[in-house]
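Protein chains: 4
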Amino acid sequence: MANYEFGAGIWMFQQFVDRYATDAYGPPVSTLEAIEKAARVGYIKCLDINYPFAGEGVTVEQVKETLQKTGIRAQAITPHIYMREYQKGSFTNPDPAVRRRTIELGKTAIDIAHQLDAKYVKFWPGQDGFDYPFQVDYAKLWDYSVSGVREVAQTDSTMQFAIEYKEKEPRNRMFFSSAARTLLAIEDMGVNNVGIVLDSGHSSFAKETPAEVVQLVARRGKLVSVEVNDNWREWDDDMTFGSVHLTEALEFMQALRKINWQGPILLDQFPFREDSIKAAQLSIETIKALDGILDRMDLAALEAAQDRQDALEAQKIVLQTLLGVKLLAHQD
Amino acid sequence: MANYEFGAGIWMFQQFVDRYATDAYGPPVSTLEAIEKAARVGYIKCLDINYPFAGEGVTVEQVKETLQKTGIRAQAITPHIYMREYQKGSFTNPDPAVRRRTIELGKTAIDIAHQLDAKYVKFWPGQDGFDYPFQVDYAKLWDYSVSGVREVAQTDSTMQFAIEYKEKEPRNRMFFSSAARTLLAIEDMGVNNVGIVLDSGHSSFAKETPAEVVQLVARRGKLVSVEVNDNWREWDDDMTFGSVHLTEALEFMQALRKINWQGPILLDQFPFREDSIKAAQLSIETIKALDGILDRMDLAALEAAQDRQDALEAQKIVLQTLLGVKLLAHQD
Amino acid sequence: MANYEFGAGIWMFQQFVDRYATDAYGPPVSTLEAIEKAARVGYIKCLDINYPFAGEGVTVEQVKETLQKTGIRAQAITPHIYMREYQKGSFTNPDPAVRRRTIELGKTAIDIAHQLDAKYVKFWPGQDGFDYPFQVDYAKLWDYSVSGVREVAQTDSTMQFAIEYKEKEPRNRMFFSSAARTLLAIEDMGVNNVGIVLDSGHSSFAKETPAEVVQLVARRGKLVSVEVNDNWREWDDDMTFGSVHLTEALEFMQALRKINWQGPILLDQFPFREDSIKAAQLSIETIKALDGILDRMDLAALEAAQDRQDALEAQKIVLQTLLGVKLLAHQD
Amino acid sequence: MANYEFGAGIWMFQQFVDRYATDAYGPPVSTLEAIEKAARVGYIKCLDINYPFAGEGVTVEQVKETLQKTGIRAQAITPHIYMREYQKGSFTNPDPAVRRRTIELGKTAIDIAHQLDAKYVKFWPGQDGFDYPFQVDYAKLWDYSVSGVREVAQTDSTMQFAIEYKEKEPRNRMFFSSAARTLLAIEDMGVNNVGIVLDSGHSSFAKETPAEVVQLVARRGKLVSVEVNDNWREWDDDMTFGSVHLTEALEFMQALRKINWQGPILLDQFPFREDSIKAAQLSIETIKALDGILDRMDLAALEAAQDRQDALEAQKIVLQTLLGVKLLAHQD
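Line order of the protein sequences matches chains P, U, V and W. First residue of the first sequence? That's 50 in the working numbering, and the numbers climb one at a time after it. First residue of the second sequence? That's 50 in the working numbering, and the numbers climb one at a time after it. First residue of the third sequence? That's 50 in the working numbering, and the numbers climb one at a time after it. First residue of the fourth sequence? That's 50 in the working numbering, and the numbers climb one at a time after it.
Please note that the accuracy of each hint is not assured.
Given that identical chains are not distinguished, each listed pair holds provided it fits within a single copy or across any two copies.
With a straight-line cut-off of 25 Å between C-alpha atoms, the simulated PhoX-like cross-links for lysine-lysine are [to be verified]:
no., residue 1, residue 2
1, K156, K271
2, K168, K113
3, K375, K86
4, K189, K168
5, K375, K337
6, K118, K375
7, K375, K94
8, K271, K256
9, K189, K307
10, K307, K337
These are computed hints drawn from the structure, not numbers from a lab.
Only chain P is shown next, with the shape it has when bound in the complex (with noise of 0.2 Å):
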């Protein structure tokens, strides 16, 4: 058993909209109060918070506070580069002043990461891209990315930074859409502090194998943090983990055992119609059955079959120990 420690984004306990529910799923939520509820779930160890904090005039001392109250730590400080004032781009923002705005934001995120002794920062340029054929000039929104983070990162060498990357949403195309291009930006930045959040709903999205990509990004010594959840495919659903795709489930975890990942394992969730505690326990507990499962297959075996790339052979070792049957398929 791999004995992960469990965190989450903090917004899966905070108040979800779309551009249909405009009066939102509910009501608002503080960061405060998100903290208390991520306590509920029971294996909360550490929280992604935002920057700024939701609710009115909620400090940095209030958030220690609670952090400490709930035994809580804050794993990373994630600013707000994708609300209404950054909705054409963040680092990639054609107005010079947003841009600056962003890496000032950055800036202070370093400070609070600081303050809530937060192990990394992180940007999830959102808003960063383009929507229409035709809309931007491609290389400038590359030296855009690459320089804004860059400058962030180099103010302070003692702050690890991450950045996580998706193919779409909010943008119709966002900039950092996958794994390889985000480690070719990370190149062209030139600095030491600058990894990835490998997010395994965004991986799956994005038409990469999860459990290939987060092997890739560690071997480059980029991995900074790994995040889970569940989609269709089409779409960055963020469900509980292994609703759609168990197996691939179960083969990132294994991922996870090869690359022998110590850090925690971040839920990101959006539970629009869910209760937000429970689809919390039901993917960490998904998660802690899963690499169960791990600990009962017969790892040599499967190996053996990968090493002549037997399908057929690997599929029935998963599948046995999955259901805990007895496949037979005695034909060779």
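Position chains U, V and W relative to chain P; hints supplied.
For chains U, V and W alone, kept in the frame of chain P given last:
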């Protein structure tokens, strides 16, 4: 030149929000202000208007006056059956009280439609469907959908109703997902005042061929309204018409001629980061331009090519007219 | 335990080729050899057999003998209406002579079906459709498809016919693309001996929900046959059942119970690089394992959750049974 | 006018087969006949030629003669590493003997390339990858791919090599799946004579933006060749250029100008049911027409719009030039 009348869903002139820019992409816009904004487009003759109206205490009287003042008429009334209250479904909500409220709101919409002299009441049941495997009893969903819409439709045989289908969003899977499914459900309703809103974007996103499906629906006498926009075919991006799929936009315009469409063409766009008025103008002028191209196209030659199902000759004819160049492609 | 009978499309035991490995993935396999190979699976009781038969001069008599010898029966006859001769369409070919030949081949297939005592003649019109925008007159395609299948069906009211729909391949867009469209086209045929082959993979690839659609088709009395496989949802990969979408495979098995499916379950797989016999065994044993899981599932609790459309509770019940673990997820 | 030279993959003039029309879409065509067919297009100046050659006993000498006779030159040699023998992989085959043969065939291809004075040897490792979850050890796949291509490249530092990536087909998941991944793998090779073939269709199918990615690859000095075609974005349909995505085709042409592309533009098409010569002519004349449109486009205005990332203004400029109409869209 087909001389179409143009209209729009009123929402394209209102406030946009999504799950990330929760502070919205702009300020709130009341129904009255939105009508005035629509009038500034210059081409808009009618609107699909949501009910309840947006804005503190806006009355039917006020809406009527603003319409008269601007010379715009109400084409449709679309009740808000996808707000917080209906987050777990409208016609298919598990709670009979919410299903009841949906039907009552539908009846109120009929009343509003009569008062504003609108041509039809539109149902867009975006919250009807499911998110997860195993979440629902599909047969029950079908029964709820069919009986719910039927009940509203039966209360007023003088009113026309129309269902707008979409594959997904906000639900991961919407119940009314394709033209053919919706036609089957309408059959099951056993009433003759329920039809379909064919949204070209929803159609191409549903892996349909919009130019084909609009003819299929028309042939069955169920085409109530036509809405247009474009997208990247993976999501309902609600972009300007023809911005991604220009050739298919032209083909759709030809299909409208084939069915001799006399109704207005309504825009269904969400210009999150763009000026709504310009976005409307661009779509409408593109439609006019494409329709003008049809005037210049050698339709007899195209028909002959289609009789032979000759893809290259059809492409050649279309590209020649679209691009205004002579293409040789002499060898056959 | 539902005690299903198992069958397969005979092609899964024959030679595979594609546009790259034009020298094929293995040697040619005659119809007679394929039957014998199918027998070696151990579970196969019936086959969907292509006509014309594969192999130099293979006769109906020989096929009949081989079937008797192996204890396998012919479940369906599927005429080859997608070979070179039909590359531009079978029922919808622009050339009336080819449309005629399609109908004649359909009639011959009836004759073969009678001789082999097959339950139905299957049409898989993979070449009917189009590749390019503007290539065809869609209304004409509809008429050709409807009248063509009708004509064959009318020649023998004692024979059952079934259409297998798929979104694409080999055509970029196939005419019979979804269950609902096919149901509408069958309505237009006005005959009652034409139904549908529900292929779970084609269904999930067409953005349908297989467990939903199989019930829809059954409710309308048009479910003639059930074929199973799995894919990555972007293409008809024809993989072993449950290999990618295990939870939905289980949901599909439950749907078969709901409609009280008594017919056989046929495999439709293309194990290009795998052993066909083992691929068949693995799918069938997976089906049996999933069916066994249904026996252990708390269906009353699941139904109660579905009555509330409670996604998380349904997931919890399903995962608990599937993985054989207790999931707490205590908070509601 | 950019005055591009045109070429093609020779396969577009040969025989097509797929898994359904196993008797092929037409008769076999030898390499020599295919060259002559290519010459009949009228625009084709160079070819990407597969090795081993098609046709009984065709020699390098004969190919050279036919090239001279037709005035066509060999642009690239593409070894057949995706036939039956390589069905389980070429560079990544589990069997070291097959990996060895792949490398040997690569070396032979170098020799042929020298004899025919070709510019590069192309690797299209369509069988390298996997089909099922859990089938392979991904790290091993990466190592095999990197070390295999490196080994061939190191045998001849005077020869240029190029990898053509694609997301899938024939493998359900190909190893070299995107531009960015391929760039990373090339980095790992540590040689400087391996680059990329940017196929516009593979790029749009891989959820990339072709106009963006061609610049990204060029900026890194790895753009060896440009191939074009179009598809429906779910599969490698290999249709004529611009037939589905006309606006993006124009954007791609502009990107070629931006990088000052001096090499030829090669067609990569599979006109299964169409005349190959006409299919080539149509694509080339479309390219020329689009390039001519760029001459007439107000690039300064477009650049100004792109500086503001103004989607609507950019669209307006593009549509005006493309359609040859004046669009007002006056309000801003």
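**Asked** Which hint numbers does the structure go against, in order from smallest to largest?
**Response** The structure conflicts with hints 4 and 6, although it agrees with all the remaining ones.
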